[in-house]
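Number of protein chains: 2
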Amino acid sequence: MTTDPRLTPLVQSLPRTVPFVGPEAQERDRGRPFKARLGANESVFGPSPQAVTAMQEAAQEVWKYGDSESFELRTELAAQHGIAMENIVIGAGIDGLLGSLVRLTVPQGAPVVTSDGAYPTFNYHVNGYGGVLHKVAYTADHEDPEHLVAKAKEVGARLIYLSNPDNPMGTWHDAETVQRMIEAVPEGTLLVLDEAYIEFAPDGTAPPIDPQDSRVIRMRTFSKAHGMAGARVGYAIGDAGLIAAFNLVRNHFGMSRISQAGALAAARDADWLAHVQAQVATARDRIHAIATDNGLTSLPSAASFVAVDCGADGTFAKAVLNGLLERDVFVRMPFVAPQDRCIRISAGGPEDLDLLAEALPGALADARKL
Amino acid sequence: MTTDPRLTPLVQSLPRTVPFVGPEAQERDRGRPFKARLGANESVFGPSPQAVTAMQEAAQEVWKYGDSESFELRTELAAQHGIAMENIVIGAGIDGLLGSLVRLTVPQGAPVVTSDGAYPTFNYHVNGYGGVLHKVAYTADHEDPEHLVAKAKEVGARLIYLSNPDNPMGTWHDAETVQRMIEAVPEGTLLVLDEAYIEFAPDGTAPPIDPQDSRVIRMRTFSKAHGMAGARVGYAIGDAGLIAAFNLVRNHFGMSRISQAGALAAARDADWLAHVQAQVATARDRIHAIATDNGLTSLPSAASFVAVDCGADGTFAKAVLNGLLERDVFVRMPFVAPQDRCIRISAGGPEDLDLLAEALPGALADARKL
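Chains as they are written, first to last, in full-length UniProt numbering: chain E, 1 to 370; chain W, 1 to 370.
So here's chain E without its partners, still in its complex pose:
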């Protein structure tokens, strides 16, 4: 809350909290760097070498604005998804696209439905544009399509948010379940299907893309499987009318030319994607094993991270998390009970997970002493 009269009444009413404190900010507070960076679901396996080369070449050309239409990238993605480029808009990561989407669709005071504990940056945008959030509990650590749809009907929601696979739990629904949800979306509501982690999920998790379907907009990103979080490239897939609406408000020359070049090369490098998928699968297995070695359970995950159940409440999990941070292992945890009994550990390389394996017993022992 602020009372600066230069700001709009809506902005004056906003809370002074941010969804996430970045690892660099934490390192500055701590006064020393982390040794393992496993908290922000970044891909330690890195971007495609071809993407790196493309970005390095593009650096010379950075005096030019990026192509305002991201024509080549949209053409490539459209071909890969078997849709038209008019069904795709590129943005500064899913975060940026979610902001634009809320701006486009949520008038001040309008209701929006999400799960209690789902992606906080979506909530940040809804609050930021004056939407009113209605939250539905997770069911058995899954976002609950039926409850979300029922709540949307009840409140007349403009948007329903569903991430599949879910962040922060890593749980997922199969394509049939998601398709049933799409069919059940009430008139006047748009389903925001955040598929940031879809490349890590089993085949049959993503329902087929129907670019005519005006009930759903799907979000994809180069930040996760493509290892380009720092490049800020995401895209939304929807019917042509909805996608065209982004052109009414987006920052037309807002995309980095280097990021555009990198994303194009990354999109074309299927081998690297397969390599990362294999590395992530291995890392998930290792995190499951480390949890078991420490007497903990972990949740099956279709994402690039694993939620490890610390076996007690949020206070205890927070103590474990703090113990890991003290031991220079950066991880995060869910914000809301009962999911906050877990800590969320991103897939890491062997050295990262060695550090985790080394740090976790001490972190647990310390937490149990509190």
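Be a bit skeptical, because a hint or two may be false.
As the list claims (entries may be wrong) - Some chain W residues close to chain E (C-beta under 10 Å, calculated; not the full set):
id, residue
1, Pro5
2, Pro211
3, Ser214
4, His252
5, Arg257
Unchecked claim - On the chain E side, residues computed to face chain W include the following (Cβ under 8 Å):
id, residue
6, Arg16
7, Val18
8, Glu42
Simulated from the structure, these hints should not be mistaken for laboratory data.
Every residue, glycine too, gets a C-beta built ideally from N, C-alpha and C.
We have chain E already, so just place chain W on it with the hints.
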């Protein structure tokens, strides 16, 4: 205008026009590339070699999100300006920052004052958030501080926009004039002082920065003198309260990590900046000479471009511009009379300006035949 019921009433009311069509989009329409790219006020002299190296190194690390606080870059800029980092917010170019600023300060229906023919992307954002634009005419090809302030008083404006040097005319006011304008800003109004081209202006063009002054917010960029338009890095300087407000709405992890690294290196490379300033001064002289050689006048410019007066009305200037485009020289022109008697030519290297010198006589001759 659209009637898609998924969109807010405000969005439904927005025009389906965009401020600028990029050169790549024009090239696709034409079916062939431009030979000289002198239309978007990009720096053909390129970014600092040290910035290129920094970006190339950062490409390997792009799997990490950028620092959400842009700590190093803000620290460097604060030191250079002799202010605190709390007075600086980094954004995706001035375009992105203008969007956030309008969102922060302009409730729907609130009045905003600018010059008729000044930066259209500012107008785009004001329209996009439902503000009401009040436009003041240029006076002798200069944005007119007294008229702008008088209009702001008359309508009770939330914002006044002034670019100094001006885009698209290249004209400028000295620091004393701008400071007088700041002193005259009415209670309840904020002056947006867009200094995108300030590095090309004579000493004594920018008034001293007073980070306590709550009447003005200043916009700077790495897109122009630093030759990094494609990296999307700008910054705003203002009092700490106003700057903190950006944190209530901005996309906290929205900055490219590569762009952050490049901007930091560019900010530290004073030699390259001096080199570019000299090149731009040379290019301006050459553009003036080419205009004279063709019997045209050109406006004195404190920016990285020159407005060349084609000596008749906007229709004629448009014909000259089209003649240049046909001859593969990309330029732009002011949108509004009487400034639209000019075409706006960005500083180019010797080869670019050779192409201009070659193309202009034919373009003029063709225009005179129409």
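Should the interface hint for W:Pro211 be scored as holding, given a Cβ-Cβ cut-off of 10 Å against chain E?
-> Violated, about 16 Å.
Restraint satisfaction for W:Pro5 [CB to CB of chain E, less than 10 Å] = At 7 Å from the nearest chain E Cβ, W:Pro5 passes the 10 Å test, so the hint holds.
For the hint on E:Val18, just tell me whether its beta-carbon gets within less than 8 Å of chain W.
-> At 6 Å from the nearest chain W Cβ, E:Val18 passes the 8 Å test, so the hint holds.
Was the hint right that W:Arg257 lines chain E, CB cutoff 10 Å?
-> Nearest chain E Cβ about 3 Å off; hint holds.
Hold the hint about W:Ser214 up to the distance rule: shortest CB distance to chain E must be less than 10 Å.
-> W:Ser214 check passes; min Cβ-Cβ to chain E is 7 Å, inside 10 Å.
Should the interface hint for E:Arg16 be scored as holding, given a Cβ-Cβ cut-off of 8 Å against chain W?
-> 7 Å, holds
Would the hint on E:Glu42 stand, with a C-beta cut-off of 8 Å toward chain W?
-> This interface hint holds because 5 Å falls under the 8 Å limit.
Per-residue hint verdict: W:His252, partner chain E, C-beta under 10 Å | With a minimum Cβ separation of about 6 Å from chain E (threshold 10 Å), the hint on W:His252 holds.
In terms of the numbered hints stated before, the structure departs from hint 2 and from no other.
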